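Undergrad: Build out the structure end to end from the sequences listed, making use of the hints.
Residue numbers for the sequence shown follow full-length UniProt numbering, beginning at 1 and rising by one.
Just so you know, these hints were derived from the structure itself, not from any lab.
Because the structure is a prediction, the values reported are computed rather than measured.
So the derived label-pair ranges between C-beta atoms look like this:
id, residue 1, residue 2, range
1, Arg10, Asp62, 22 to 30 Å
2, Thr16, Leu136, 24 to 32 Å
3, Asp11, Thr139, 18 to 26 Å
4, Arg10, Ala33, 30 to 38 Å
5, Leu72, Pro126, 29 to 37 Å
6, Ala90, Ala140, 27 to 35 Å
7, Glu111, Leu136, 15 to 23 Å
8, Thr139, Arg71, 19 to 27 Å
9, Leu136, Gly112, 15 to 23 Å
10, Gln76, Ile46, 30 to 38 Å
Every residue gets a Cβ at the ideal spot worked out from N, C-alpha and C, and that includes glycine.
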Amino acid sequence: MERAIAELQRDFLSATEIDASREVMGLDTQLAADGTYFVAELDGSIVGCGGCSRRATLYGGDHSHARRESRLLHPQQDPARVRAMYTDPAVAGRGVGRRILAACEQAAAAEGSAAAELMATLAGEPLYRACGYVELERTAAAVGEVSVPLVRMGSRCGCVAFPTHRSHDGAASFALRWRVATR
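TA: Here it is in C-alpha cells:
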C-alpha cells in the first residue's frame, strides 16, 4: 500500500499532498474481518488488494477514526462501498486493479447491491472511468492545512468484466491467485 501511495500518485499530487494522503488512506481491517477484502498474488507476492464493504464508511484506514461509519448498508437501497484499492506499481497497467474491482462488484452483487460507490484518488480515477464509473462529486479531504483532492464515483454492479490479458504469442501474460484476506 505504501508503495502505491508514494509512487502512483506522483504525477497527480505534490509531495506535501502525498504525505497528507496517508492520513486518509490505508487498510481498514474491518473489511478483512467482514470477509470482503480481496488480495491478488503473483508468484507468491501480493500485487494488489481491494474490498467491497457492506458498511457506510466510504474511505479511510484503521487510523482514520473520524471518517469511519460502521453502520451496515441496506443492499437494495444503498450502493456498496469499494474500498482500499491498491496495486503494486510494478504491475500497474496490467489489469490487476480492474480484476480486483470486478471481484468487488461481483461480491456486492451477490449480496444484493445493484450499485457501487467509491472515493477515488486522482491516480485511480482513470481506472475507474475506464471501468464505467462516473464522477458524482469532486471533493477534498482536509489534513491539517493540506487538502487532498478526491473524486466520489459510482457505477452499477456487474459493469466491470474480468479482463483477459494475452501476450503476443497468445499465452496468458500473467496469472493471479485470489484469496480473501483475513486478519
